[in-house]
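Enquirer: Residues per chain are reported as follows:
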Amino acid sequence: MKNKEHKSRRKLNTQIVIVTCMFVAVFLGMMGYICYYSVTNKQELINNSYNSRQKMLIAQNIRGTIYSKDKDVLAETISDSDGKEKREYPYANLFSHSVGYSTNGRAGVEALANYYLINSNAPLSDKVVNDVSGEKYPGDDVYTTLDVKLQEVAYNALGVYKGAIIVTEPSTGKILAMVSKPDFDPNQIDVIWDDLVSDKNNSILLNRTTQGLYPPGSTFKIITALEYIRENPDTYRNYTFNCTGRFSDGNDRINCYHGQSHGNEDFTLSFAKSCNSSFANIGLKLNKNKFSETLKDLMFNEELPLKMNYSKSRITVNEDSVNADMMQVAIGQGTTGMTPVHLNMITSSIANGGTVMRPYMIDRVENSVGTVIKQFAPSSYRRLMSEEEAEVLTDLMEGVVEKGTASRLKGLSYTAAGKTGSAEYNNVKEDSHAWFTGFAPVENPEICVTIIIEGVGSGGDYAVPIAKRIFDAYFGI
Amino acid sequence: MELYITELSKYVITFLMILYTYECFAVFRYKDEEDRSGIYTRQNILMLLIHFSCFMVICFETGEMSYLFFYAFQQIVLFATAVLFHMIYPRANRLIVNNMCMLLSIGFVILTRVSYEKAVKQFVIVSFSIAVTMLIPYFVHNLKFLKSLTWVYALVGIGALAAVLILGTATNGSKISYSIAGVTFQPSEIVKIIFVFFVASALYESTSFFEVFTTAVVAGIHVIILVISKDLGSALIFFIVYVFMVFVATKNPLYLLAGATGGSCAAIIAYKVFSHVQVRVQAWSDPWSQIDSAGYQITQSLFAISSGGWFGLGLFQGTPESIPFVEADFIFSAVAEELGILFSMCMILVCISCFIMFMNISMKLYDRFYQLIAFGLGVTYIFQVFLTIGGGSKFIPLTGVTLPLISYGGSSVLTTLIMFTIIEGLCMIRQDEEKEMLRAEKKKLRNLQKTQNRKRIEMTYIEDLDDSEE
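Protein chains in written order, with the working numbering: chain X, 192 to 668; chain P, 748 to 1217.
What the hints contain is simulated information worked out from the structure, not anything from laboratory work. Backbone N, C-alpha and C fix where the C-beta goes; we use that ideal spot for every residue, glycine too. Just to be clear, a hint being listed does not mean it is correct.
What the hints assert, rightly or not - For lysine-lysine, the following DSBU-like pairs were computed, each having C-alpha atoms within a straight-line distance of at most 35 Å: (1) 865/P <-> 327/X; (2) 865/P <-> 246/X; (3) 246/X <-> 868/P; (4) 1182/P <-> 1197/P; (5) 1197/P <-> 233/X; (6) 233/X <-> 977/P.
Unchecked claim - Here are the computed distance ranges between Cβ atoms for each label pair: (7) 1057/P <-> 275/X: 28 to 38 Å; (8) 1029/P <-> 235/X: 19 to 29 Å; (9) 238/X <-> 773/P: 40 to 50 Å; (10) 773/P <-> 209/X: 19 to 29 Å; (11) 799/P <-> 230/X: 40 to 50 Å.
What the hints assert, rightly or not - Coverage of chain P stretches by chain X, computed from C-beta distances (three or more under 8 Å per stretch; other residues unrestricted): (12) 991-999; (13) 1097-1103; (14) 1128-1138; (15) 1154-1163.
Bound conformation, chain X alone (with noise of 0.2 Å):
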C-alpha cells in the first residue's frame, strides 16, 4: 500500500516536469526568436517610414557626410548661423542617382546608408561637448565605392543621350560608377520635385541601370551561346551556318541587322558578328526545359542580391514556346527585358571565373573621429557557370572585339572583351538602343562595363566608343 502511494506520486511529479520543460523550451525559443528578429531587422525597422525613432534621431544628430572612395565629399549636411541644415551635394547632377536625395522619400546611397548617417556613433566625449555647447551630435560618415573620375567619364560620354552607364569591380563586386539620364541636380529636389513626379515621359527618378527594363538585343546571345555550348560541349566547335541575311521557319523571319549577309561561319565568328540569322537557328535547337533552367540559374524573373530599389529581369521560355518565340528569344527581341544591373553582373561572371558577387556601393562607415564602424567586405553570391564555360565565353568575347562589331576597342595598350548590342523596341528598323557589355584586360579583368543608350542606333558605333573611354580613363591612357 505505502509502496504504491509512493510510485503513484513520482509519476504525478513526472507529469508537473513535463508540463515544466515544455513550457521552458517555448520561453527559450520565444526569447531566441525576439533576439534574432530585433538584431536583424533593426535597419529595416528604423528605417520604415511610420517608425518615430528615426526623426528623434535626425533630431538628434546631424547626417553624415557620404564619401567617395578617394574622400570626395559627394553629400554633406551645412547648418548656417540660425542652425538650419541644407544637405549639399557638390556634385550637382553627376551623382544624381547613384548617392540619391535625402527627403522626398531617399533613393540611393542616401536611402541605403540612412540609418548609419542618421546615428551617430562619435566618442562620448565629443558629445558631452557637443552636449554643454547645444549643438547636435555628428552622424557617422559613409564612404561609398563610387569613384569620381570614371563617373564622371560615363555622364560626360552618354551626353545628351537617354541611358544608363554601370562600371563595377567583376573580383569584388564594387560598383565603380553608375549614370542614368536623364538627371536632376539633387540640391534642389525640394524644389523641382513636383515636376519630376509629373514628368511620365521621361521617368527621370528612374534608376535606368537597376530600375529600367530594356530589351537586351544581341548582348543576350552571350546566354544564348552559354546555353548551346551547355547542351553540346563537344560539337559546338563544329557549328556552321551559311547566312544569307535572313532565316525563316514556317512564315516566321528574322533578318540580320540592316539586312547585312554574313556568308559562311563558324560558332564563334557568328558570336562575333552577331549574326541574328545563325542565332535564331541555334534558338530552335535549343532543349527548352534545360534553357528555362539556365535562365533561372542566371537570375531571370528572380530576385537580384541587390539593397538598392531594382527591377526583376523578365522572360519567357517554357515547353509550350513555340519556334517564333525562341528565335526571337535567342537574339534578345521579344518581350524579354532586362536591366543593366543584371546583364552587368552576368558579365561580371564571365570576368570572375563564373561566380558572380553581390554588388555594392557602401565600403564602410565611420565615425567622426575617423573609427570604422563597420566595414562591408565583398562577398559572393552565387556559381552561374563553371570556370571552363566563363573560360569559352571570354575566348567568343574576345572575338567580338578582334574581329566583329566592338572591333574599336582593337589593338589598345589593354585586351577588352565584350559583346554589342543594337535592340529594336518598336517597329522603324532604324530604332535600336545602342547595348555593350564587357571587360578588360582579359587575361585578369579589373573592370566590367556595361552601357546603354537610348534610340540612337547601333552598340557597335555608339556603346563602344564610350566604354573605350571608360577603359582608358581607368588605365589612365
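Place chain P on chain X using the hints.
Expert: Chain P only, in chain X's frame:
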C-alpha cells in the same frame, strides 16, 4: 557629466540585472532554504542597486528631483515587503518574494518613464494590495475548508464573468470591466484564481470521466463567456490552465491530446465566426500591409523592441509612448527599447525562475489539492507572461493581456500578488507536511528499534536459558 552617467548606467544596469538573474537560478543548486540565504541577501542588494540606478537616470534625464521622493517611497514599500514577509513568515520562500519585488520595481521604473501619473496610481494600488495580500499565506495555511467549496467557486466565477458581460463597460472594444464606486474592476483577473481552485477541488479526489466531464462543462462556460466578451487572452488562459490541470490530475496524456485537438477546432471555429479574431490573426500574419490600421500597434511595438539593441537606448531616450496602450499590453516593448534586449531577456528569465519555483513547490506537496493549486497558478502566471510578450513581439497573435506585476492595471497586479502569496501559503503547508512525515518516520524508526530491542532481549534470554541448561 549627465551623458557619462546615462551611457554608463546602461551597461551597469544590464550587468546588475544579469547578476540578479544568475542568482535566481543559482538558488536551485541548494535544497535547503537556509543555504540559500546568502543568495537572497545578494539579490536584495542587487535589486536595490538596479532600482536606484534607474531612478538616478530618470532624475538626470528629466532634471526633476521630485522623482527622488517617489523613488524613496517605492524603495521603502519594496524593502518593507521583502523584510516583513520574511519576518512574519520565516518559512516562506524568499525567492518568490524577491522576484515579486524585483518585477514590481521594474514596473515602477518603466511606468514612471511612460506616465508619471499612472505610475503614482499604480504605486498606491500596489502598496494597498501588498498590505492586504500579506495576510493571505496565513489564511491559506489555516483554512482547511477551501477544498470543499467546489461549486461555490464555479458559481462565483461564472457569475462574475456573466455580470461583466451584461453590465460591463467596454474598453478597447472588449467588455472586460465594470466600475463600482469609481473603481474600475476587471473580474476576469480574479476569476482566474477562483477557477484554479474550482478545478483543483473538483479533481483532487477523483478523476473519473464524470468529474472531468462536469469540470469541462464549467470550464467551457467560462471560456465562452470570455470569448463573447472579446477577452480572447483570458479565454485562452482559462482553456490552457484547464487542459494542463486535467493532464496532471489524471496523469493521462490523452487529455492533453484531446485538449490540443479540441483547442484547435475551437480556434478555427472562433476564427470563422468572430471578426475580431480574424482581425487579430491578420494583424499578426502580416502587420506591415496594415501598418496604419490593424497592424499599427504591433508594428510600433516591433520598432520599439528592435531599436534598443542589446543595452537599450537608455531611459527617456526612446519613444515607447508611440505604441498605443504601451503601459498595459506592450510594457515589455518599452522595457526592451529603453533598458535593452539583454535586460528584457533577463526579465523573462526572472519570470521563468518564479515559474520553476512554483512547479518545484507543487511537486513537493503531498496533498493533491494544494499540489494542483500550486500547479494551476504557476501555469496561469507563466502562460499570461507568454501571451503578452509573445503577442508584443509578433511571436504569436496579439491577445491583449497584461504582463503580471509590471504592466499598469490594478486588477492585474492585485491578482498576481494574490497568486504569489497563495503559493507562499502552500510553501508553508509543504513544510508542515515534511515535518509531519519526519515525525512519522522517527516514530516508526523508534517503534522498529523498540521491537528489535525486545527481540534481542528475548534472544539473549533464550540463549541464557540454553546455557544454563547445559
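Enquirer: None of the hints should be skipped; say for each whether it holds.
Expert: Structure-based check of each hint:
no.: 1; hint: 865/P <-> 327/X; result: holds (32 Å)
no.: 2; hint: 865/P <-> 246/X; result: holds (27 Å)
no.: 3; hint: 246/X <-> 868/P; result: holds (31 Å)
no.: 4; hint: 1182/P <-> 1197/P; result: holds (22 Å)
no.: 5; hint: 1197/P <-> 233/X; result: violated (75 Å)
no.: 6; hint: 233/X <-> 977/P; result: holds (33 Å)
no.: 7; hint: 1057/P <-> 275/X: 28 to 38 Å; result: holds (36 Å)
no.: 8; hint: 1029/P <-> 235/X: 19 to 29 Å; result: holds (21 Å)
no.: 9; hint: 238/X <-> 773/P: 40 to 50 Å; result: holds (42 Å)
no.: 10; hint: 773/P <-> 209/X: 19 to 29 Å; result: holds (25 Å)
no.: 11; hint: 799/P <-> 230/X: 40 to 50 Å; result: violated (30 Å)
no.: 12; hint: 991-999; result: holds (count 4)
no.: 13; hint: 1097-1103; result: holds (count 3)
no.: 14; hint: 1128-1138; result: holds (count 5)
no.: 15; hint: 1154-1163; result: violated (count 0)
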